[in-house]
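Protein sequences appear in the order of chains A and B.
Residues in the first sequence are numbered consecutively from 46, following the working numbering.
Residues in the second sequence are numbered consecutively from 36, following the working numbering.
No lab work stands behind these hints: they were computed from the structure.
A few of these clues could be false.
[Claimed, not checked] If you want a taste of the chain A side facing chain B, the calculated C-beta under 7 Å gives, among others:
hint : residue
1    : Ala51
2    : Glu172
3    : Gly180
4    : His184
[Unchecked claim] A few chain B positions that, by computed beta-carbon distances, are all more than 12 Å from chain A:
hint : residue
5    : Arg41
6    : Thr42
7    : Ala56
8    : His65
9    : Pro70
10   : Tyr71
11   : Pro73
12   : Gly74
13   : Ala75
14   : Val155
15   : Pro188
16   : Glu201
17   : His203
Glycine included, each C-beta is placed from N, C-alpha and C at the ideal position.
Here's the letter readout for the chains.
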Amino acid sequence: MTAHAAVAPEKLLAAPDQASQREISAEIGELHAQLRRREQAGESIRPTVFDFPAYRSSILRHPTKNLRLVDPETVELFSPAFGQRDVAAIESDLTVQHAGQPLGERTIVSGRVTDSWGRPVANQLVEIWQANSAGRYIHQRDQHPAPLDPNFTGAGRAITDEAGEYTFVTIKPGPYPWKNHANAWRPAHIHFSVFGSSFTQRLVTQMYFPGDPLFALDPIFNTIWRPQDRDSLIGVYDHDLTSPEWATGYRFDIVVDGPDATWFEPENEGE
Amino acid sequence: MAVPDRTLRPTPGQTVGPFFAYGVEYDRMHQVVDPYAPGAVLLAGTVLDGAGAPVPDAFVEIFGADTDGRVPRARGAFRRDDHTFTGFGRAFTTDDGRFEFFTRNPGAAPGRAAFFAAIVYARGLPDRLHTRIYLPENAAALAADPLLSALAPGERATLVAERTAEGHLRHDIRLQGENETVFLAF
Ligand SMILES: [Fe+2]
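With the sequences and hints as input, model every part of the structure.
Written out as structure tokens, the structure reads:
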């Protein structure tokens with residue numbers, strides 16, 4: 046095998062071909078049409094497709110073989126255990142982590158984590174991270190020339206309660222440019238990382254905001270090929286969650302996936 | 036007891052994107068145990084893409100049983116102390132694609148093969164990938180393992196770590212290509 050030199054990640058961010066948005070949109074349309082045809086021919090296709098070349102950096106990073114179906118065993122049927130010990134209450138409010146108030150639209154994001162049968166996922170960890178209201182990440186490798194906000198980091202954590210509910214207070218993120226293709230922009234989103242009741246249910250996803258004009262243009266959003274699955278990543282504006290004179294409210298419920306083995310409460314091997 | 040039909044559609048996964056580091060990092064996250072604790076082993080390897088190039092913007096998570104085979108149920112994976120074994124760790128890859136954990140050798144029930152459950156995430160990877168990292172010892176248990184015994188020898192090799200002379204574990208993860216790691220669905 047040829048030896049490859051280490052390379053700083055930011056050197057890899059720009060796709061070499063820099064296709065136009067028109068070309069990328071056509072690729073997305075064709076990929077979705079192919080997936081629909083394959084499903085109609087009887088193939089079972091997962092909600093997020095790994096092989097989605099319109100997302101250029103996936104070309105060399107997606108597995109080419111089908112995932113191997115296996116019965117989960119031992120550790121896979123449990124999740125790492127989290128509690129208030131692991132996360133301070135203040136970590137769920139991204140607007141109070143600095144001396145001053147961050148700029149932008151103050152927003153409450155709240156929802157319920159359940160399993161596929163609607164049972165709450167209680168006492169589990171939810172992590173979020175996001176750009177600021179100008180579309181800039183604090184990450185050192187983000188080179189978008191939009192302002193940093195000295196009062197906003199953009200990372201938070203919460204532990205779900207007994208009903209599986211979590212709540213974050215944050216600032217609505219801005220859309221941001223990236224180098225997948227020429228004039229590429231990501232719709233505004235918040236990254237979510239969720240632990241289910243078992244390690245098999247581990248989920249990393251992104252929450253979007255209603256009505257974003259960038260949805261159809263974004264190859265990452267469209268790696269989820271069915272419209273109803275994409276819709277499930279769009280937070281729902283909830284006026285009852287909106288706090289008077291304070292913050293707008295969005296609901297984002299999360300369903301971690303099966304498998305059937307997780308329907309049974311596992312015997313606690315640790316005790 | 037039959038499992039009832041699922042009533043809710045699962046939320047689909049998405050890539051972690053390029054800028055996850057400040058969002059999911061925490062103190063001593065790759066030190067499931069203290070590196071100098073008795074019984075600590077180094078589990079290390081490289082995440083590689085389909086061209087054999089290291090993936091510098093990935094992270095790996097492991098969840099492993101304790102040495103006696105028990106599944107850890109203690110809280111505190113995000114607030115490490117020096118005595119609680121939570122079994123969970125998270126490691127970012129470096130610019131040369133390398134990840135490292137300090138942890139314990141997992142145990143297993145008699146006759147069963149011991150493994151770490153592992154998940155890999157990366158920029159450019161549209162969804163997370165589950166895999167396993169088996170300990171190389173106990174050939175009889177590996178041969179009898181329901182997953183490994185159903186694989187071709189080349190595939191099986193992608194799931195079994197190598198033990199170094201120092202007693203550490205070495206295990207590369209290949210996202211794509213000739214020796215592509217076997218990834219799992221449940
Ligand atoms: Fe992002």
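Task: Pro70/B and chain A, when compared Cβ to Cβ, separated by more than 12 Å - done: Label holds. Min Cβ-Cβ 20 Å, cutoff 12 Å.
Open item on the list: Does Ala75/B clear chain A by more than 12 Å, comparing its Cβ with all Cβ atoms of that chain?
Closed with: holds, 19 Å
TODO: Classify the label on Gly74/B as holds or violated, using whether its beta-carbon is more than 12 Å from each beta-carbon of chain A.
DONE: holds, 18 Å
Open item on the list: Ala51/A was flagged as interface toward chain B. Is the shortest Cβ-Cβ separation under 7 Å?
Closed with: holds, 4 Å
Task: Minimum Cβ distance from Thr42/B to chain A greater than 12 Å, as the annotation requires - done: violated, 6 Å
Task: Status of the stated non-contact between Tyr71/B and chain A (beta carbon gap over 12 Å) - done: Holds, because the least Cβ-Cβ distance between Tyr71/B and chain A comes to about 23 Å, which exceeds 12 Å.
TODO: Report holds if the minimum CB distance from His65/B to chain A is greater than 12 Å, and violated otherwise.
DONE: For His65/B, whose nearest Cβ neighbour in chain A is about 14 Å away, the distance exceeds 12 Å, so it holds.
TODO: Over 12 Å to the closest beta carbon of chain A is the bar; see if Arg41/B clears it.
DONE: Incorrect as stated: the minimum Cβ-Cβ distance to chain A is 4 Å, not above 12 Å.
- [ ] Decide, holds or violated, for the assertion that all CB atoms of chain A are farther than 12 Å from the CB of His203/B.
- [x] holds, 21 Å
TODO: Find the nearest Cβ of chain A to the Cβ of Pro188/B and say whether that gap is larger than 12 Å.
DONE: holds, 15 Å
- [ ] May I ask you to check that Glu201/B keeps its beta-carbon over 12 Å from the closest beta-carbon of chain A?
- [x] Non-interface label on Glu201/B holds, nearest chain A Cβ at 23 Å vs cutoff 12 Å.
- [ ] Have a go at the His184/A hint: is there a Cβ in chain B nearer than 7 Å to its own Cβ?
- [x] With a closest approach of 4 Å, the His184/A hint holds.
In this structure, the hints that do not hold are numbers 3, 5, 6, 7 and 14, in rising order.
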